Amino acid sequence: MSSVQVARGLTLADGPVTKTWMSRLRGFWRRFARNRIAAFAAILLTVIYLAAIFAPFVTPYTPEKQNLLERFSAPSLRHPFGTDQFGRDSYTRALYGGRVSLAVGVASVAISLILGTLLGLEAGFTGGWPDIILMRFTDAVMAFPTLFLIVAISALVGPSLFNVIAIIGLTTWPVVARLVRGEVLSLKERDFALAARVLGFSPRRVMLRHLLPNTSAPIIVAGTLQLAFAVLTEATLSFLGLGVRPPTPSWGNMLTVAQKDMFVAPWVAVAPGGLIFLTVLCLNFIGDGLRDSLDPHLRER
Amino acid sequence: MLPYIARRLVQAVPVILLLTMISFGIMHLAPGGPGAFYSQDLSSPRTPEELARMRHLYGLDRPMPVQYISWLSNLAHGDFGSSYRNGEPVLAVLGRTGPATFLLMGCSMLLALAVSIPIGVLSAVRRYSVFDYLATSLAFFGISIPTFWIGLMAILVFGVVWPILPTTGIQNPTEPFSLTDRLRHLVMPVCIQALPLIGSWTRFIRSTMLEIMEEDYVRTARAKGLSERAVTYIHALRNALGPMVTLLGITVAYMVSSTAVVEYIFAWPGIGQKYIFAAIQDRDYPILLGTLVLVSLLTIIGSLLADIAYAIVDPRIKMGQGENAR
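Residue numbers (the numbering used here), protein chains in the order written: chain A, 1 to 301; chain B, 1 to 326.
It is worth saying that the hints were derived from the structure and are not from the lab.
Remember, it's a predicted structure, so these values are computed and weren't measured experimentally.
Backbone N, C-alpha and C fix where the C-beta goes; we use that ideal spot for every residue, glycine too.
Hints may contain errors.
What the hints assert, rightly or not - Cβ-to-Cβ under 8 Å is the rule here; a few derived chain A residues that face chain B: (1) T236; (2) G241; (3) L255; (4) V257; (5) F263; (6) F277; (7) V280.
Excised from the complex, chain B in its bound form:
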């Protein structure tokens, strides 16, 4: 167990270093380097002398490796940069926008779980039935639908044609916070964000269940004379939840960015909306790169913790299985 954890930790170090190097490289993709945009946007330093002074002030005239090391050491000290717009640190921005995003993500994931687990299990139990074909086809619709388009359609239908739901924001700005108002604002973004999750999770649960139903312990349970229902819901489903937890871990990281488009459509004041505005409107590069690096680091740490937790729960990992990907 300990050697496994140690090996995973050691493996994470070069990945994190590479990740910061790639991010740093991306920052310098901009024509003229990151400084060029700074001067363009604030339109204050017009002359070359002013620009040079600005670049010196921000240390952009130093050699690349020196800039990289100093940026890296800032990261290590918890300084992920601050907004060109108003100087707000990236961490503060994420602290401000994070709760809205996690509320949206959490509700969508709960909804997706509540829908996809029963459908996936039933699909597997009645494999090749009409229900199974229907569910599998609907799952394809879920994973193929462009969320920004179906979001616009939902706004058109439930906001304009048949106006029963609010279409923008997280709460009615003219009224104090109320739970019903918050829930009404949540309905559309949550349902839309849940669609692709329902699609992919249904398929995942179906195939996991089918795999497990052929395991020896399931046959043993059947041989003991247990009812099919007990075999499915007690023996098989419980073992399907393990892979499900891993999938949830991966999904959380993926969702922070995929939620962005839904947040943008519904003017939901979360991380993703802020990120898209920083990209298309404010050209606020420190916000972009700070968020990118921070979310990626959290992804790596998250998957590391998930692997370790999984190794503690599932003793087969220690034996070196599940190690085929190195």
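Extracted from the complex, chain A is given alone in its bound form:
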């Protein structure tokens, strides 16, 4: 019993709780906003995603609403991004497409981060055979040309929202696993981790309570960049007809149609493509800003 109390007294991982959650967040934002572009990207991305989430309140139309009298009408006050071949409002469809993009991005990155973090922790901490097997396995997965692998699996299992999420999540976790493993390898030799082990904590507790919090910075950075990759990959798959299928609008499948229609109505290609580009650009800038503000020794000069 006493050893546990000693441990509580030491509060190895938590540290004294003097700062409130809000003030920490404010401190983080101050450091993050020093990178002006990253701060601007974060605000812009929030606007894009909020507009997508609250799409029904932001637009008077629905994505499926057809109006054959207004086929291919050019951008105007009523239709800021014009209309498509069925007279559907491109602005509305782009907003709803943003929901798909956000859902696929967040869900697939969650799969990737959870799997990658747990396996990376285990391999880095335990070492030995589990580590060797994991490393060779990730070597093998990473040797596949990513897009070919994703395209082949999508073609085999068939296109659907769920499949896209699963495929992107299950093909990207090795990158996270290697990152976490590398961090854990160096962290586990540090004094605080040795202390936790000497105190007789279970390996699980050492991993989850002491090592994991210290790997959060690189994981958050990697997660942001993976989100950018997932958004781009979902769009590419849906564009090829291997991702989200119409009539559900996604930025990718809107471009499939645009490939044929853009010669009559160029605006149908501009909105979805521009949004993919903006979203990925914002995510990359944010990832860079997070790297600078969260983790000084990861800082790129």
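Position chain B relative to chain A; hints supplied.
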């Protein structure tokens, strides 16, 4: 040196085995196994008896491990399967489509090198200058741009609005081969494919140069009284080219698949276009899996050769440095 090479070779064996196992598993992801699609597509065997006979003919009724071993032994004999469509072997398909892909890749890489090396070096030399900020921001644009979208935009602008370039194919089908025609067809796909490369390479060269500029030998060169120009371009840049070669090696493998989308947009008759058509139109699974396995194997062999070449060139590797990833 030899123990290092031997260790890398031994490490590659389980990776290759795992890779084939994963590919084999993917092949059986399809509902009903690979045979189901065969019958569906050719729509010849309709009855269950016919399907069973077909599965027997292709050995799909044998136990999984037996199928895996026989598939593996086919791979070892250079048989990567053949098309469900017309029976053309995967190797022949790659031989036919490969040159177009490598032409596109080679030209994009040359263009990307020609643009990113000067920008990256200048960015590093004038760190935090206006030029540096501009170049770094533009690099972000390069890595973020969806190539298929910017490809469509390029077709719209340079093919329709201001029609100065051909938008599809590798040459004008009604005319015999001519160099100018080939170059005109290359312009758009090459520029588009080079954009993401320029973005990532510029950043890579900038950070490599910055790292090297702080090395002892650079300080020594400066202390000897060499001009800043000589230090940058002779001492530093030459040492930055080593990591650059490694990066090129990694990029080649990555590009075979990332070029696919550009090939698809511009109807470029390469490996990637064939692959995408096999996936979305022909449902030609042997082509997909054969190409996937072959390109991955080439990736592993390529990185193995790069590591060995690097160990021969750079004696520090032998000492066990650069080994942190095991």
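- prompt: Among the hints numbered above, which are violated by the structure, and what are their numbers in rising order?
  reply: 4
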